[in-house]
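Engineer: The primary structure of each chain is shown beneath.
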Amino acid sequence: MEGHQAPSIQVETRAESIALVGHPNVGKSVIFQKLTGQRAIVANYPGTTVEVTRGSLKSLPGTNLVDTPGVIAFPSHSDDEQVTGRVLLYEPLRAILQVGDAKNLRRTLNLTLQLAEMGIPLVLALNMMDEAHSRGVSLQHDLLSEYLSIPIIPTTAIRSQGIKDLTAAIARNQSPNFRLAYPIDIENAIAKISTSFSGLAAPISHRALALLWLSGDQVTEKWLKENLAEGDLLELKSLRQILQLSYVEPLSFVIQGVRLDYIEGILAAVVTESGRGWRGLSTSLGHWATHPVWGWVLLAVVLYALYWFVGVFGAGILVGLFEESLFGQVINPWVVEKVNQLVPIPFLVDLLVGEYGLWTMGMTYALALILPIVSTFFLAFGILEDSGYLPRLAALSNRLFQRMGLNGKAVLPMVLGLGCVTMATLTTRVLETKRERLLVILLLALAIPCSAQLGVVMGILAGVSFSAMLIWSGVVGLVLLTVGWLAARLMPGERTQLLVELPPMRRPVFSNVAIKTLARIEWYLKEVVPLFLLGTAFLFVLSKTGMLNRIIHLGEPLVADWLGLPPEASAAFLVGFLRRDFGATGLFIMQSEGMLTPIQIVVAMVTITLFIPCLASVLMIAKERNWGTAAGMVVLIMPLAFLIGGLLYRLLFAVGWGI
Amino acid sequence: MSSQIIVCDLCGHQYDPEMHLGCQSCPLHSECNLVCCPACGYQTVDTQRSFIVKLSRYLQKFRRSRRFPEKTYEGITLADISPGSQVELVGYDEGFPTDRKEHLQAFGLVRNNPIQVIQQTPVTIIHLDNIELALENDLAKGIRVQHSWVEQTESD
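Protein sequences appear in the order of chains L and X. Counting with our numbering, you get residues 1 to 659 for the letters of the first sequence. Counting with our numbering, you get residues 1 to 156 for the letters of the second sequence.
Chain L with its partners taken away, still in its complex shape (with noise of 0.2 Å):
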């Protein structure tokens, strides 16, 4: 098999994005952002990038930068890898670049090669060449060009090493003239296919279009569905049929096999690997973190960090500073003197400063409480996700997740949710089956607490004693895993197997991480505070209506009797449907003033953990799924963490605990 230089190029290059196309974790968010001075969020771990990123090059005023999720190769699998499908078949595209893993240099090509096929001028970014370096690995980039005619710059993007190099080739905009040659039966079958196709007006070349048709590609199907006469269409599909016939394998494997052959042959030219191999401190650390008994040791000292970090650091010391000497005793005194002595309208006096007052309660709760508490997670999270951890834990938790019908892969935005619950659900994408996305959707929003709700829960429940937070995270993780497991048996279809890629462990990048920290505080300013603006308008509503006291009377048997709480609760679950941290944010005041005994605590705690996130999340699920959905989940959800609340309720008390 050979590839060679072909006679013509079918595609015409007319609109004006450039599609940044690469493997997970290659580096091309940091690309992006060295393109287009844009931040997008950049992590070290497959499956960041779930929605595409817009943003125009700096070189090239008026072209489009598309950042598309991670791909390992065509045909896609996963919802994830459609979308950069989609990208390519339906975004008219001036041009792709390419990021590319220099000390991988099979994989990366395996991919370069499918785009070099599209006839769309194609510039490869070798990155991370600092790495293939400090692994032995040497390029002869030059060369490598020569073969595929197309621009190669090697990169290290991290240090802004070839950006310009990049630019350069980007606005040379030179399509590549390469061809590779399969076997017989499969070159007739794409010349007869591409002669269904003359007249068609394809965004990529027909050669092309022919193979991933031939590879059974999702995107491919659905773009010729719309473009083509049926009857040409089921003319196609027998053909496939029949050269499938001739083939013991898929056929997508026996394309991808031919592209790898010639690529053995390409490396043994142009790559030298001086044998050193790699055994830093990152590799031993990388393996200690998916060891059977060193991986959750390391992971408990995680865990534990992260309690300390959130939950004594920012929970405790950082909010005792901000609510109670920044806030309680320097602004609110000022603000409440300054609105009483400005304002003369008692009303307004009581909507800014009073009792459920705008400032009082809302700005204190979001800036006080919260952002110390999200800030510290934040960054805690951002140092977690750029070190490379988070798959590695997916590697070491995959058998706990095996019994709720999931893989490890399940973790990443089970630990995102921790985060964010709402970003969470549009990170389900990384999951390869509708019914995994659908068990990870139920499961984050019944039992996975948010950062600013995590923090205001560690905050509480470590100010009543360890026994407290211990019980609460049995009682949540043992919800969690049973309603995983039922949920798996009961809903149908097959688990897919783990098969993850561990790119290595690295020392976090300050940047990186500080960027990271600031965009996500700000993402909380912005989407948070109007909801906790919000809620607190509306309380103030209800209590000068008089609506407050009948809710909370309304709300007594379920909240008093049931829950063994004290009915002003009911205004905290009330708010806690807006978003849970808010109801959280209440009980958290009501526990300082003394209103709580620790068994109501831990109840408050674990009812509210279990209860339905936040509006936002609800409003997500019904987009990333529909609406049925996103009610069945709700009328599923709040019962049940009444019902566990409840119970748990009866079962202290019976034992005797924190009496």
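Since the hints were made in silico from the structure, they are not lab data. Since no wrong hints were added, every one of them can be taken at face value.
Here are the computed lysine-lysine pairs in the BS3-like style, where the Cα-Cα straight-line distance is at most 30 Å:
(1) L/526 / L/338
(2) L/623 / L/225
(3) L/237 / L/225
(4) L/222 / X/101
(5) L/623 / L/526
(6) L/192 / X/101
(7) L/225 / X/101
(8) L/34 / L/164
(9) L/222 / L/237
(10) X/101 / L/434
(11) L/434 / L/623
(12) L/623 / L/222
(13) L/526 / L/58
(14) X/101 / L/237
(15) L/237 / L/192
(16) L/434 / L/222
(17) X/141 / L/434
(18) L/526 / L/544
Since we're looking at a predicted model, the values are computed, not measured.
Once you have looked at the hints, place chain X on chain L.
Structural biologist: Same frame as chain L, now just chain X:
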């Protein structure tokens, strides 16, 4: 006619329970799962007629097939390799998921490319082409390999 032969626990006589004339003439025979030895009269259980024995055998069979899928390949698989060893791909089991096969191939799991096994529990972790891959043991059981004769390069 039954193909079952019962060996009497008391006298060692071998007999076919269906041929026992005494049992045939008993009015309770149709629901009875006991049988007596024609030579010594010792009573034993006719397992082929016992509902409970049949049920427990069925359940055992079910349990066995659920827990241990039949091994179709006699050679070594990736799951059998001890950590630290180096192997090469031979092929895949029939029924190995196609999408997984494609991904593994794209990751560089091809013939003549050395694979180093790093660990087997809790999942199989392999090192190839400067990357590490974690795969579930069930997947590793479907990947046929052979020991690589290439001398491993000493690092450091």
